[in-house]
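Asks: Read off the chains here:
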Amino acid sequence: MSDNERLSRELRNRADHTGGHPISFDDVKRSANKMKWQQRAATGAVAAVVLAIGIPVGMSIATGDGNSNDGQVANPSPTPTETNTPSPIVTKEVTLTVDGASRGAEPGVVYVYDNQIIQPDGTAIDVDYDYSNVAVFGEGWIGIRIDDEGNPTADVLGGDGTVIRSFPSGYTIAVSSSGEVAAFEDTPGGGTLTRYDEAGEPAQSWDFANSVILELEGILADGSVVYSTEGTDPALMVARASGDTQPVLGASNAGGVARESGLITGMVSVDEMVPESCWNLFDSNGALWPKAKCAYTLGHFNESEQLIIGKPSYLDSIGDGLVAIVDVETGKALVEYDTPDDSFIANSVWEDDAHVLTLVYSPAGWHILRLDTEGNIENVNGAALPGEAEFAPVQFGAPS
Amino acid sequence: MAVAVDARMVVAVKAQDRDEEFAAYMAARQPSLLRTAYLLTGDQHTAEDLVQTALAKLYLSWDKVQRRELIDGYVRRILVNEHNSLWRRSWKKREVTTEYVPETPAPYEEPDDGKGQALWDFVQTLPKKQRAAIVLRYYEELSEAETAAVLGVSVGTVKSQTSRALATMRSKVDDHPTLSRTTEEER
Chain A
1 MSDNERLSRE
11 LRNRADHTGG
21 HPISFDDVKR
31 SANKMKWQQR
41 AATGAVAAVV
51 LAIGIPVGMS
61 IATGDGNSND
71 GQVANPSPTP
81 TETNTPSPIV
91 TKEVTLTVDG
101 ASRGAEPGVV
111 YVYDNQIIQP
121 DGTAIDVDYD
131 YSNVAVFGEG
141 WIGIRIDDEG
151 NPTADVLGGD
161 GTVIRSFPSG
171 YTIAVSSSGE
181 VAAFEDTPGG
191 GTLTRYDEAG
201 EPAQSWDFAN
211 SVILELEGIL
221 ADGSVVYSTE
231 GTDPALMVAR
241 ASGDTQPVLG
251 ASNAGGVARE
261 SGLITGMVSV
271 DEMVPESCWN
281 LFDSNGALWP
291 KAKCAYTLGH
301 FNESEQLIIG
311 KPSYLDSIGD
321 GLVAIVDVET
331 GKALVEYDTP
341 DDSFIANSVW
351 EDDAHVLTLV
361 YSPAGWHILR
371 LDTEGNIENV
381 NGAALPGEAE
391 FAPVQFGAPS
Chain B
401 MAVAVDARMV
411 VAVKAQDRDE
421 EFAAYMAARQ
431 PSLLRTAYLL
441 TGDQHTAEDL
451 VQTALAKLYL
461 SWDKVQRREL
471 IDGYVRRILV
481 NEHNSLWRRS
491 WKKREVTTEY
501 VPETPAPYEE
511 PDDGKGQALW
521 DFVQTLPKKQ
531 RAAIVLRYYE
541 ELSEAETAAV
551 LGVSVGTVKS
561 QTSRALATMR
571 SKVDDHPTLS
581 RTTEEER
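Chains A and B supply the protein sequences, listed in that same order. Just so it is clear: in the first sequence, position 120 is 120 by the working numbering, and no numbers are missing. Heads up, the working numbering is the position in the second sequence plus 400, with the first residue counted as 1.
Since the hints were made in silico from the structure, they are not lab data. Built from N, CA and C at the ideal position, the CB exists for glycine as well. Wrong hints could be hidden among the right ones.
[Unchecked claim] Just the calculated beta-carbon pair ranges, DEER-fashion:
#1 B:Asn484 x A:Gly382: 30 to 40 Å
#2 A:Arg9 x B:Gln416: 52 to 62 Å
#3 A:Pro88 x B:Lys559: 47 to 57 Å
#4 B:Gln416 x A:Thr187: 14 to 24 Å
#5 B:Ser543 x A:Asp352: 54 to 64 Å
#6 B:Ser543 x A:Ala383: 51 to 61 Å
#7 A:Gly122 x B:Arg418: 42 to 52 Å
#8 B:Ser543 x A:Gln116: 55 to 65 Å
#9 B:Pro527 x A:Pro247: 37 to 47 Å
#10 B:Ile471 x A:His21: 17 to 27 Å
#11 B:Arg467 x A:Glu5: 31 to 41 Å
#12 A:Gln246 x B:Ser432: 39 to 49 Å
#13 B:Lys559 x A:Asp342: 29 to 39 Å
#14 B:Ser571 x A:Asp341: 27 to 37 Å
Modelling step: build the complete structure from the supplied sequences, incorporating the hints.
Replies: Here is the structure:
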């Protein structure tokens, strides 16, 4: 008997003697739903940004011909017109570890930890759930909680954290840097997308007759809401202030939405086989980069809308191995932070224009680390936060 | 309103058809996927986790796979990729281990005075990618080209991975039939 045959025979013998519990279709669907929301949470629309309004963009965009992805955004918004020759970017590579990191200040954004909403001034409000998204909403808060089945519900909370109203929702709410909030209420056979002003009052609503859940990506300066739909016909759309809706052609969902410039990072393809996803930058005229870029999943914009958080090209929902700070103009990373093999990243958000807060798990426990564009790391929480790796103990929220 | 109702019905029917089609595929292929996953992981629980994750990813991508005859290759690739990512879940105690050989999951009669066990122990010490190449070539009986396509590597890489594994097998198993474990460092 040849070596090959011996090996084949042994493998068949072993395989034939394995049993295992049957996996039900419901189990698989539940896993798929969880994956979907975990990926949503990783690229989701709730950016932790500071309240800085109307900062001039003034950046240059290498427009290219947009030939590969002919996107169109419904609401024309200011399109950068200056063009500079970008200087070559050499990506700095840094190992993302708490070892050797200096101690940093408390997070400058709202976050949820241990059933409390904690504000930058240290004030803590007790709540009943560890909300996955939370944002200031009028005198109180709005948060998204996910049940064990992966189903999302939005809670409107009073200033003391008590639930005032709950409704079935998508996995995300959208928050603008000005403090506007958009939420989707899922109703039987339809749903309503509502944009609320800074006081938490309804400013505009769009009704949807089809039973489709909207995932909210961001709010533009003119009041338009960027959202995506999933299911059989996924699409990235803009609900215009005029009441119409219009697709961003060529993109299926967004990683980030820049309120002032109207720029959107849109996913143009995903390939489970490689595995990777490819992204482009869209404005009202379509895709800006001549070719889609596949090195990173592109997430939130920073306050001045010149940098984007980059995550692994393929988000496999089991934790990220890197986070990068990517230049909007070129799509190249200024710095890439890579975790050691025994660690992973649960989430990353902008704290201010130049700093990213990232939640990292290592065998020592959970740490919030502050990263900058130069490759520096600060340890925000000091001693490791306890918690199982499967459940990130901190959820970053929107600004207070 | 009639238009809206019709549209809702179309969406609902599409979703139902999709789920039925997927459930039928899943029922037919699950036992085979579990066996392959077991050979990749060497652990029954991990194999179940792996298959459930791979099927969930397949479910999310189901509409994108237009050519149904490619689904088996597609799900195998997800399975292998997912397994190769398992290091990032090393915190799940029951999952993965390369330092210790897992126990045999089911009663198993040795047909050849312990050599089969030594062979199985050896397979479990292989690096993940090499092991995947071995499982796909010698259990799934895929061609070198098919194996390369699933692994996302060249045919040459498959040849070298498998021949290296066979050479090591000859030297370790045949010369030392009591081989039971090899450390990560040794690899």
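Asks: It remains to establish, for every hint, whether it holds in the given structure.
Replies: Now for the hints, and whether the structure bears them out:
no. : hint                            : verdict
1   : B:Asn484 x A:Gly382: 30 to 40 Å : holds (35 Å)
2   : A:Arg9 x B:Gln416: 52 to 62 Å   : violated (44 Å)
3   : A:Pro88 x B:Lys559: 47 to 57 Å  : violated (39 Å)
4   : B:Gln416 x A:Thr187: 14 to 24 Å : holds (21 Å)
5   : B:Ser543 x A:Asp352: 54 to 64 Å : holds (55 Å)
6   : B:Ser543 x A:Ala383: 51 to 61 Å : holds (54 Å)
7   : A:Gly122 x B:Arg418: 42 to 52 Å : holds (49 Å)
8   : B:Ser543 x A:Gln116: 55 to 65 Å : holds (58 Å)
9   : B:Pro527 x A:Pro247: 37 to 47 Å : holds (45 Å)
10  : B:Ile471 x A:His21: 17 to 27 Å  : holds (23 Å)
11  : B:Arg467 x A:Glu5: 31 to 41 Å   : holds (33 Å)
12  : A:Gln246 x B:Ser432: 39 to 49 Å : holds (45 Å)
13  : B:Lys559 x A:Asp342: 29 to 39 Å : holds (33 Å)
14  : B:Ser571 x A:Asp341: 27 to 37 Å : holds (29 Å)
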